[in-house]
Amino acid sequence: MSILYQLWLRQLKRYVRSRARIIGSLGQPILFLVALGFGFGPVFQKAGGGDYLSFLAPGVIGMAILFSAVFSGIEIIWDRQFGFLKEMLVAPVSRIQIMFGRTLGGATVATIQGLIVFGLTFLFGFHVISFAFLPLAILFMFLIALLFTALGTAIASMLDDMQGFQLIINFLVMPLFFLSGALFPLQGLPAVINDIATIDPLSYGIDGVRGALTGAFHFGLGTDVGVLLVVTAVFIGIGSYLFSKVQI
Amino acid sequence: MNSIDVRHLTKTFGSFSAVKDLSFLVPQGEIFAFLGPNGAGKSTTIKILTTLLSPTSGEVFIEGKSSVTQQNEVRKSFGIVFQDPSLDDELTAYENMELHGVLYRVPPVIRMGRIEEMLRFVELWDRRDELVKHFSGGMKRRLEIARGLLHHPKILFLDEPTLGLDPQTRSHMWQYIVALNKQEGMTIFFTTHYMEEASKIAHTIAIVDHGTIIAQGSAHDLQVKTGTASLEEAFLALTGDAIRDEDATSTDQMRMNMRIRGRK
Ligand SMILES: Nc1ncnc2c1ncn2[C@@H]1O[C@H](COP(=O)(O)OP(=O)(O)OP(=O)(O)O)[C@@H](O)[C@H]1O
Ligand SMILES: [Mg+2]
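Chains A and B supply the protein sequences, listed in that same order.
Residues in the first sequence are numbered from 67 upward in steps of one, following our numbering.
Residues in the second sequence are numbered from 9 upward in steps of one, following our numbering.
It is worth saying that the hints were derived from the structure and are not from the lab.
Computed beta-carbon distance windows for the label pairs:
#, chain 1, residue 1, chain 2, residue 2, range
1, B, Asn-80, A, Leu-92, 37 to 43 Å
2, B, Ser-62, A, Gly-93, 41 to 47 Å
3, B, Arg-128, A, Ala-86, 31 to 37 Å
4, B, His-180, A, Ala-86, 37 to 43 Å
5, A, Ser-310, B, Ser-238, 44 to 50 Å
6, A, Met-240, B, Ser-144, 38 to 44 Å
7, A, Gly-185, B, Ser-23, 53 to 59 Å
8, B, Ser-62, A, Phe-104, 53 to 59 Å
9, B, Arg-128, A, Ile-88, 31 to 37 Å
10, B, Glu-125, A, Gly-288, 53 to 59 Å
11, A, Phe-197, B, Gly-121, 47 to 53 Å
12, A, Ala-299, B, Asp-229, 58 to 64 Å
13, A, Ser-310, B, Arg-128, 35 to 41 Å
14, B, Pro-35, A, Ile-89, 54 to 60 Å
Listed below are the simulated DSS-like cross-link pairs for lysine-lysine, each with C-alpha atoms no more than 30 Å apart in a straight line:
#, chain 1, residue 1, chain 2, residue 2
15, B, Lys-162, B, Lys-84
16, B, Lys-28, A, Lys-152
17, B, Lys-162, A, Lys-311
Ideal Cβ positions, reconstructed from N, Cα and C, are used throughout, including at glycine.
Make a model of the complete structure from these sequences and hints.
If you want it as structure tokens, here you go:
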């Protein structure tokens, strides 16, 4: 138990100490809120979609969590390059425990990052229908964070250095984000896009956050929670397996 | 019982064999030195003994447990100081020690006392709350040694532990390790390129070259065998004086890169 706690704490300390990372990672969400929120707002309203910013805000929160979570998982590659991974791998602690502690820490960091962006969305005029469901929204944020930290860890376990990093961002993280329901409603889409959005786990996470904050679920609360839990469990399983095979 | 029992160990990377049909025993409580030119396969052997790499073929037993099928038991029995950096630069010296103590399940009361003892020993107690990334190379090395000794393992692996340390620190550190060996019967397995260290401290020395042991015995045995007056001369007589520049430069290059990246 104290091992899990220490591994979790390590991720948090590293996060709190890297101010550049905290501030730097807020740039993108702000840009999206400004450019899309203000840029597309009028068109969206005319088309009968309602307040675009309130629609977009949960998507941007999800984006911040997605990036931060994948990044936390990928940090294993840094640990490998700077050598600290060796120290963890020779310790008499099961690899699953190490993977778990790290993932919980990374997910906590990503959730905090999501909450900071959540705070920022108010500056842009985000309307939450009721704060009663805030705990539910935070739960969804944490599930998104957990799922993608586990995915990042799984991927990082297969990579030796940072060279594959751009590839992952461009061919995995970006599509996961753009083809989820983060930026546009999932109703009345062309079949292909609809299918992709349906298999993109981020769609369910963002739908959950959006539902909890604005009251409009697309898939439904139960479906969102169920899908996220199952996919997270699968990724943690795969991540643990791949991590247990890591050699130096 | 033997602390370390290696039988016909082979490790290949692609078509290159870094370790070839290596066999040796290290009895409990012995100080065993593993000497060899750059690229001889010393670090690769240590990585296999410490479960970081799996062997291509052959068997390895640490305190009677297989380092392939009983990794968790094996990991409980040793401590290690790696050749390459292995600290978390974003944590303080104290935090690095504490995390290690927790990972090795050293009970809190003992842990706190021992962290202080070890940090005082390597003269880093006053700087315990500084981030490791601000430490000099020698300070990092001292911290790594302090960390490796924190949990008093049955076997201690030291891969060029004294690399980059001044003579005072080196002799200070070896004194402590020899005392641990005497008091707790800790088995010590180390590599070094400082021949006088090996000659003074090791009970048994194995000379490795190209992945195999080419001679083994006490420093005296090796000198008698080669008809030389010092371990250094015996080493050169056994391994020849060709420089292993290709390996040396590539590893050195890698270390340089790590340093540069680490500094940013
Ligand atoms: N992961 C790897 N992939 C390919 N080759 C490797 C790998 N690790 C080690 N080698 C090669 O295996 C050989 C032995 O390396 P090793 O690090 O064990 O040498 P060493 O005896 O520790 O040398 P040094 O004194 O320079 O530390 C070298 O030729 C090295 O290039
Ligand atoms: Mg080496």
